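K.L.:
Following the hints, position chains B and C against chain A.
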Amino acid sequence: MKTASKIYMTLAFIFLFAPIVIMLIFSFNEAKSLSVFSGFSLKWYQELMRDRETLKSVKNTLVLAASASLISTVMGTAAAVGMMKLRRRRVRKAIDTVTNIPMVNPDIITGISLMLMFVFVGRLFGSASSLSFGTMLIAHITFCLPYVILQVIPKLEQMDPSLSEAARDLGCTPVRAFFLVELPEILPGILTGAIMAFTLSLDDFVISYFTAGNGFQTLPIRIYGMTKKTVTPKMYALATLIFFAILLLLLLSNLAERKGEKE
Amino acid sequence: MRTKATRLQKLLLYPYGLWAILFIVVPLAFIAYYAFTDNSFAFTTENITRFFTATSSVTAEDGSVSEVHTYLLIFARSLKLAVVSTVICLLLGYPVAYIISRCNARLQSSLITIIMIPMWMNFLIRTYAWMTILQDTGILNSALTALGLSPLHIIGTESAVVIGMVYDYLPYMILPIYSVMAKLDVKLIEAARDLGCNGFSTLRRVIWPLSLPGVLSGVTMVLIPSVSTFYISQKLGSGKFFLIGDAIEGQYVANNLHFAAAIAFVMMIALLTAMALLRALADRKVSGRS
Amino acid sequence: MNKIIELKNITKSFDGEVVLNGINLDVYDNEFLTLLGPSGCGKTTMLRIIGGFAEADEGDVMFLGERINDVPPHKRNINTVFQRYALFPHLNVFDNVAFPLKEKKVPKAEIEQRVHEMLDLVALTGFDKRSVTTLSGGQQQRVAIARAIISKPRLLLLDEPLGALDLKLRKDMQVELKKLQKATGITFIFVTHDQEEALSMSDIIVIMSEGCIQQIGTPIDIYNEPTNAFVADFIGESNILDGVMLRDKLVSFSGQQFVCVDKGFEPNESVDVVVRPEDVDIVPYEKGMLRGVVTSVTFLGVHYEIIVDINGFKWMIQTTDFVDVDEQVGLSIDPDAIHIMKKSKYSGMFGDYSSFSNELDELSDAESESVEHED
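So the sequence lines, in the order shown, correspond to chains A, B and C.
Under this note's numbering, think of the first position of the first sequence as 1, with each following residue one higher.
Under this note's numbering, think of the first position of the second sequence as 1001, with each following residue one higher.
Under this note's numbering, think of the first position of the third sequence as 2001, with each following residue one higher.
Bound conformation, chain A alone (with noise of 0.2 Å):
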């Protein structure tokens, strides 16, 4: 890199962690305060184990992320072998454009369209609040379908498509040709869709919001209501926890891919 790169990207760099930074030290801070640092202390940290409500939406939000993206992964991985054996363009490009849709559209359409469904169903069916950890669940897998199809559907396009053949050839039914032969090729797809999926899910604040029932309180709806209200270092504190578990995770997923290399 030249000089003046490598300036310019230390410039980008600054402004990617400055909030960050900023947030990691002031949940440190023995005052309340969000701009003057008066001493160090873990406080906040201690507050918020002792913040009930905030531990049950992490937990919460776990759950959900992870049927969300088992589900998504499951069904997204069926639909895009099935979608590669599609012979005709139309019917092929149809199911493409619908795919896109929860990509393309703006996560507050989505939410609001699913909202309208829920409630309108859930009057037909004459009960008051029909927004639940079903619709919830429902909304999550749908915005996650695509992303694990997009995943999977180049890797089906590289694998050579006499690898079944020559499974089936040499003794498989379809079935286990595609387990032995097939899954194993696009194993790396299905991972990073599902892992999209699963962090999609964690993050999603908009859909959330607009579908989620009043018994059932994920992290980031939790978040909005924390920032409506004043804000104590508390939330930061919780920032900072998530930032590290963010790090380890992507540590951990490198560390795994550089093993996978070299074997």
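No lab work stands behind these hints: they were computed from the structure.
Bear in mind that the values here come from a model prediction, so they are computed numbers and not experimental data.
A hint or two may mislead.
As the list claims (entries may be wrong) - Below, computed lysine-lysine pairings styled on DSS-like, alpha-carbon distance capped at 25 Å:
#1 C/K2152 / C/K2178
#2 C/K2105 / C/K2075
#3 A/K155 / B/K1240
#4 B/K1240 / A/K228
#5 B/K1183 / A/K2
#6 B/K1010 / A/K85
#7 B/K1010 / A/K2
#8 C/K2179 / C/K2168
#9 A/K32 / A/K234
#10 B/K1183 / A/K155
#11 A/K93 / B/K1010
#12 A/K85 / C/K2075
P.N.:
Only chains B and C this time, still in chain A's reference frame:
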């Protein structure tokens, strides 16, 4: 080839097909349905009409009062701030993507990971962090005062909203541009050099046109969330700059679902049109290659 | 000899385009049979129908006397060596070769022993633990063959298996494949568009064009007695002229009468006459049965390839005698060098060298190869 194996494979598409119809296509129809009905689900165009005709009085800074089209104004403002943010993201992000794509493979993947880390932070928290930074008594102004400079009033201005949008969505601009550039054959650049281009004209005549698909998806990925956001403006604009997303959310909270649907409907149509135009424009530019 | 495969009136079309049109073919035990034809002639589709990867629209596929149209590939005692090998990249050499045995639940010790025997047979001893992605093209080829024959199929299908190898390796593999076929006694059906490969390896060659079989025969039959202009042109070089069969053993072409060895045509029947370039002798102008001017001379090492213009028809002649461009020469043709064919739809399409150039030939070869991958 229609053998049994392929018939079996096609069956796998059915669960997803059903899901996509039930939870992607049908809900969109519900937006239209709600937009064109009243509370008792009778057909009406009132919600749409209201969007285009509702007025309210605004008091300007000099105290003069004027009558404006409420939602058209909000819509125009959303569009303006989103376009400004997108342009800034492109200007800031393009060089970053270019510089990263010229590094060696090892460094590339590390730099991209670093770019992605802020994306993984919840956007509410990221936005909130900027609020505390930009506040009149925030870190930025403390630092400026300490350096003997006069403090800036940023929070509650359109600039603050733009800063928030740029910060939140910059990685969405960098990543698609980078992924196109990383696949560019180095030999193309060498060929351009060989044929007499200097660094800048190589960029202008070879790299830029070839990176257009990435730019297009970057622009889409920044424009769409920034035009529809409803949180950034509330926090960084101190609630003074209502955007279209805020309008939808406001109506949702007030339980005016039909009007919320009407606003969403208009926004969706506007976005679809804008995207089609953008794509047509890009196709014309790129068509020289195909 | 036993019939291994019988194809009965096989027809197949894709999207309304007929790819195979009424194919009838018997393949016998222990044969090395080659399907030869230009790209798009339907040879790969035919192989896929035999392997079970495509279904015929009409007609029957019989395997050892039984109809197998509805038998899926994994239940056919037929294996395939795929065009680009289709080795499983996530398995090493041993596991690739052991794959079919594991599917059949063969005991572990026996698998071990048979895989090693097979690796010895294809000269890959000691490669067990290597990743298939690190192997050279030739080595991958051997793994693919070993994998396909380890479960002792009655029939092995090979889809242009040598297409990806360079010329030298290709020649070596041709010899090895032939040896392997003799050693194992497995019937081979080999698909190629390379006529030299077909001539050097096969017991029987099936020449195909436009979804139809043009000729079935031994390499020598096909070279010496092509049935129509397509076959004559596709196999080797040929001068193909319009002629009239005056009576048995007497034909007229290029305005002259020639004694030949063919008979059984109608008197004065229009025919195609084939004369191979190496069967024409250059003689002094005044002694020639035909007379013309040399328009080009190309030195090819073993011989010269010269083009002679005779009344506007360009003949290709291979000769070891040097002649110069613009020289007037005579041609002499022995009776047994003249081969008479019935008129066909291919008459008049081939056999004149007026636009001949080596370069063009190579270009069209390369083109046909790249198209071949798509069918």
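K.L.:
For each hint, tell me whether it holds in the structure or not.
P.N.:
Hint check:
1. The hinted pair formed by C/K2152 and C/K2178 meets the criterion: a straight-line CA distance of about 17 Å does not exceed 25 Å.
2. Distance hint between C/K2105 and C/K2075 is fulfilled; the C-alpha atoms sit about 15 Å from each other, no more than 25 Å.
3. Our distance criterion of 25 Å between C-alpha atoms is broken by A/K155 and B/K1240, whose separation comes to about 48 Å.
4. A distance of roughly 15 Å separates the Cα atoms of B/K1240 and A/K228; the hinted pair therefore holds under the 25 Å criterion.
5. Note on B/K1183 and A/K2: the hinted pairing holds, with a Cα-Cα distance of about 21 Å set against a maximum of 25 Å.
6. Annotation: proposed proximity of B/K1010 to A/K85 holds, straight-line Cα distance about 6 Å (limit 25 Å).
7. A distance of roughly 53 Å separates the Cα atoms of B/K1010 and A/K2; the hinted pair therefore is violated under the 25 Å criterion.
8. Of the pairs offered as hints, the one joining C/K2179 and C/K2168 holds, with about 17 Å between alpha carbons and a cut-off of 25 Å not exceeded.
9. For a cut-off of 25 Å, the pair hint linking A/K32 to A/K234 stands: about 9 Å separates their Cα positions.
10. A hinted pair counts as satisfied when its Cα atoms are at most 25 Å apart, and B/K1183 with A/K155 qualifies at roughly 17 Å.
11. Straight-line distance between C-alpha atoms of A/K93 and B/K1010 comes to about 15 Å, which keeps the hinted pair within the 25 Å bound.
12. Proposed proximity of A/K85 and C/K2075 is supported: the alpha carbons are some 23 Å apart, at most 25 Å.
When held up to the earlier numbered hints, the structure conflicts with 3, 7 and fits the remainder.
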